[in-house]
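In order, the protein sequences belong to chains A and B.
Using my numbering, you'd call the opening residue of the first sequence number 1 and step up by one each time.
Using my numbering, you'd call the opening residue of the second sequence number 119 and step up by one each time.
Just so you know, these hints were derived from the structure itself, not from any lab.
From the structure, some residues in chain A lie toward chain B, with a derived Cβ separation under 7 Å: (1) Ser43; (2) Ile93; (3) Glu106; (4) Phe109.
Ideal placement from N, C-alpha and C gives every residue a C-beta, glycine not left out.
Read off the chains here:
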Amino acid sequence: GAVVSQHPSRVICKSGTSVKIECRSLDFQATTMFWYRQFPKKSLMLMATSNEGSKATYEQGVEKDKFLINHASLTLSTLTVTSAHPEDSSFYICSARPQDRVGGNEQFFGPGTRLTVL
Amino acid sequence: AQSVTQPDIHITVSEGASLELRCNYSYGATPYLFWYVQSPGQGLQLLLKYFSGDTLVQGIKGFEAEFKRSQSSFNLRKPSVHWSDAAEYFCAVGSYNNNDMRFGAGTRLTVKP
Chain A
1 GAVVSQHPSR
11 VICKSGTSVK
21 IECRSLDFQA
31 TTMFWYRQFP
41 KKSLMLMATS
51 NEGSKATYEQ
61 GVEKDKFLIN
71 HASLTLSTLT
81 VTSAHPEDSS
91 FYICSARPQD
101 RVGGNEQFFG
111 PGTRLTVL
Chain B
119 AQSVTQPDIH
129 ITVSEGASLE
139 LRCNYSYGAT
149 PYLFWYVQSP
159 GQGLQLLLKY
169 FSGDTLVQGI
179 KGFEAEFKRS
189 QSSFNLRKPS
199 VHWSDAAEYF
209 CAVGSYNNND
219 MRFGAGTRLT
229 VKP
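Construct the entire structure; sequences and hints are all you get.
Here it is, written out as C-alpha cells:
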C-alpha cells in the first residue's frame, strides 16, 4: 500500500514550452502533497505544499507563476513548469501524505520525473 | 529553523562489513526523524522512522537507527552490507504535521566487492 506514481517519468522539451507533471496516490487519499526538486548529486528541496481544494503554499524563492500547482482531487496533484528554460532542467519528485494518518505523518514519494529543457 | 546534517558525503565499505551513516539534526521541538534510500534515477524509499518510544528503531532491509536526544543524532546502521545497498541515503526531520520536512544533503554509499 501507499503507492505514489508520477507521469511522465522522463520528459524532454524545448525552451519556452510548458510541461505538466502528474502525481497520483494510487491506493490512498492525500489531502496534502508535496513537490520537491533535486539537482544532480544534491538533496531534495521542497518547492511547495499542495492542499486539495486550496492554493499551494510555495517555499521562499520558488516562483509560483513559473511552477503552477493544482491539487484538484484527493489523489491527484499536478505541477506545470511554464515557459521552461534550460535552468529548469532537474529531477522533480512528489510525495503524498495519507489523509487518515494522525500524527507522525510520513510522506510517500513518487519515483520522480526527469525534466530536460533544450 | 530545523536542519539536518549528514557529515559524510561519500562512504565506501566492503561487502559484508558493518555500516554506520551519521545524521545530526537541529530542531526546536520533538523531532520526527526518517531515513530514506534513493537508487539512481529513482524516488525515495522509506527505510525507517522515529516518532517516539524505543530509541532504537528497526527498519527494512536489515537497517536500524538509534535516536540520541543528548547528541541530536539519528545514525543509521547495518551489521553486514550487501552490494545492493549501494545507493544514496537521506536523513530527514519533520514536525508533527510534517509540512516542513527537511532533508540532509545525503550520503552516497559505495560497496566494494
